[in-house]
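**Q** Residue numbers (my numbering), protein chains in the order written: chain A, 451 to 716; chain B, -4 to 645.
Please keep in mind that the hints were generated in silico from the structure rather than gathered at the bench.
One thing to keep in mind: the hints can contain errors.
What the hints assert, rightly or not - Reference listing, derived: stretches of chain B covered by chain A, where coverage requires no fewer than 3 residues with Cβ under 8 Å from a Cβ of chain A:
hint, segment
1, 166 to 180
2, 234 to 245
3, 369 to 379
Said to hold, decoys possible - No more than 25 Å apart at the CA atoms, straight line, and that leaves these computed lysine-lysine pairs for DSS-like:
hint, chain 1, residue 1, chain 2, residue 2
4, A, K474, B, K26
5, B, K275, B, K539
6, B, K238, B, K146
7, B, K454, B, K275
8, B, K513, B, K543
9, B, K543, A, K465
10, B, K26, B, K11
11, B, K513, B, K533
12, B, K238, A, K501
All residues carry an ideal CB built from backbone N, CA and C; glycine is no exception.
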Amino acid sequence: MSDLAAHADPLEELKQTNTGVENKKMAMWAFLASDCMFFGTLISTHLIYRKIYPTVVDPTQIFSIELTGFSSFILLMSSFLMALTVSSAHKGNLTSMRTFLLGTILFGGVFLGGQVYEFSHFVHEKGLTLSSSVFGSTFYTLTGTHGIHVALGVFWLAMWFFATLPKKFSQFTREERLPAQLITFWVALPVVMVLVYFIHHHSTAYLLIAAGWLVLFPVLMLVTTPLRGRYSHVNALDVETAGLYWHFVDIVWIIIFTAVYLVEYL
Amino acid sequence: MSTTDATYGIWNRPLKKTGIVGFLTTVDHKKIGIGYAIGALFFLLVGGVEALIIRLQLMVPENNLVDARTYNELFTMHGTTMVFLAVMPLSAAFFNYIMPLQVGARDVAFPRLNALGLWCFFVGGIVVNLSWLYQVAPAIGWFGYAPLTTKPYSPDIGTDFWIVGLQILGIASLAGSFNFITTILNMRAPGLSMMRLPVFTWMTLVTSFLIILAFPPITIALVELMFDRHFGTHFFDVGGGGKPILWQHLFWIFGHPEVYILILPAMGIISEVLPVFSRKPLFGYPLVVFSGAVIGFLGFAVWSHHMFTTGLGIVATSAFAFLTMLISIPTGVKIFNWIGTLWGGRIRFTTPMLFALGFIWMFMLGGFTGIMHSSPPVDAQQQDSYFVIAHFHYVLIGGSIFALLCGIYYWFPKVTGKLMNDNIGKLLFYTIFVGFNLAFFPMHILGMTGMPRRTHTYKAEMGWAEPNFWSTIGALILGFGILFVVIQLIYSCFRGQPSGENPWDARTLEWDTSSPPKEYNFGYTPVIHSRDQVWENKYGAAEKKMGKIAPGPHGIHMPDQSWWPLMVAIGLFISGMGVIFHHQPMSTLLPFLPEGIHFHILYFTGFGMVVTFMSIILWAIEGPGGYHLHPTAEELEGAVQPDPQQGGHH
Ligand code: HEM
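Kindly generate the complete structure, drawing on both the sequences and the hints.
**A** See below:
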């Protein structure tokens, strides 16, 4: 690093490659190209078997398209929030970046929750399992792989969120709006779960999730202590790279939602 | 960025550069390359021993050296070992060691990811070969066709070793390829445009793209197979509605690009060596590069020529036959360009040159038989016969192995600063050449007269005894030839004559640094003005000579070493073993334990996953780290100070 360059914007300096694209971003693009082939294989497997066995299973009897439609919408909106996160990261606006990051994580979580609900519903009420039919095998493998992608994304974004927090708890109150953001995030999920319990149906699972989250979140705050205070402006690139991944996973879902769910209703 | 604080993570970082710790935590692409080479040569010998047992069994009719079951295990493990554990990693060794030097970079883009590739290669190789120790080697053929691989037909865990081992090897290849793509596209020295890149680096790039696009289908296919075997899915299980033909498609969508993954690096090496020993630039450089890329591209469109006899239908079969024949055009273009390079050159018959010439000839013979079975009716005759074995050993040994040996002889002085004795090298070349042809040429005839592959013995009345006998003699000669190359290699590491920096009067940038290169490769940033830069430095016009930019006052930034790549690989090993032994009693995994212990071995997988994840997190927290080194004044002779406007490259 020469003297002058060290004073320049560190993010700009990372762009000084032959292509003008930062190394991390380039590697992420390569990974996404590869991931296309992963999903391409899974989706074709599913569609091929759908074509061979058009009538063995009637998916419209199994799917609850309203729920999946809703969670797909949420996932798309999370992409929107992700874009806002990246933009505020580049502007160096930590407060709004945290808000949008939490929103992205929350929406990703809602999608995952929807998928867990969907899977357990299909298994217990509709009798569709990995081994019940070829449809079950291909459906769960495909959507499960996508779910793992979302879960990893949530995990990754959460790491960056914790990294943006100040090193010491005592400094938390000095950060603009941080306590409010954290508390909202902490109670939002339990509130929703309790509402679902009363409105939708009285399953203790919802209450357990609510209680679990209330305990888990402070624990998370503690165990992620080594992460805190590590975020600096150069890391906007890492957030952007995570964002690329996130958008990709969402785009894949659009394809899966169309090819696996929507076409069944034509 | 440039922290010199080695305790940036939670624990101290390893600092020792030498000894076991230094090797296990290294992030230096040169040491990693050597690690790949050691592993690959070891597995080359293992696969060779397996091949020789196969050949000894077939030496005389109705032999009973090994039984049919063991024979099946031998050819499965031979094919798997040679493809995934010998040729691919040996190519990866050259990618790692040579490519960053050829582009004038200090290291690859992500040094720790590179180390992960190396450790996953070792772990994958160990997993596949552990099946020998548990005496359940897979017996499914190297392409593992369903339904043979499904639980009812292969109930023992040999197939699971194969599945899990290949998955981990896939991670190794993918991790390496993302790295190489980024390095080649992004980290070239100033002035080194894409059309000035050495052809070997170009082929590294094309191969890396093939890997990242071809490995996902096999990974998914293996996951599906694993689910079939362990969790009751029906992807390939006929009883449950699965279609085994799907496996064939998925395997060969990977498998055909895979054979180009094996041959393109070889072509890259040949394109480096021929110009050096003809003392002429490569003839038709843009065409050689372009046809390499076309081969890679078309490689994705011909997979079904491995399935002509499965009844794909007239249209599909004709289309795939046409595309297959099409591939011979860019391949032929390359061969003519190599011949054009030789034409009128001042040829020096050194050992690497002999291997390169042998490559052209032998690879062409393999290519000719390839064109023969690109025609479906012909293929219907040759499918699954020894003719096919002859074909692909001509391209894999006469092609890949010859070129890789060529690369070893050519770059050995670069890596060690020592010479390998040229006369011994030539002698070994002729041994290998004669042994190889004696071993494999008769197989053409055997195949034509109907000897099927994967057959553990044959009756004397078939009239196959004599060619088989000579073939085995040839294989023994070939095997000893390769063994002695390895011995000569090890010997020369210790006793070789000093080589000086550029013993061959070679042309490309890697010969500009000292041999062996310093930790930081180049003390300065090279500024490139022509394609054969080192040649032009010596013989070229003034405006074609290389410029040098000294590093800034801080010196050269080097990344710190790390334990986490190794730990990630160990985590994968534990979880892999958990999957393999899932459903088995504890005493199969650890035979010294008493029987009757009830423990769900799948828990190991959970534990391994935790190890992997924790290591990834700690890897992220630790960051690349780094410290600075200062090249000597002597190295910086003639280098200009960096232009502060531009921002230095280090
Ligand atoms: C010492 C040199 C070698 C000898 C003597 C040898 C010999 C053989 C023989 C006789 C077979 C046929 C077995 C059968 O079908 O019954 C075979 C199969 C095979 N060989 Fe080699 N081989 C050698 C090196 C290599 C190399 C370097 C590669 C790859 C790079 C390779 C890849 C394969 C593959 C993929 C198969 C097919 C295995 C299968 O049918 O599943 N071999 N080899």
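**Q** Could you work out which earlier hints the structure fails to respect and list their numbers in ascending sequence?
**A** Per hint list: 3, 7 violated.
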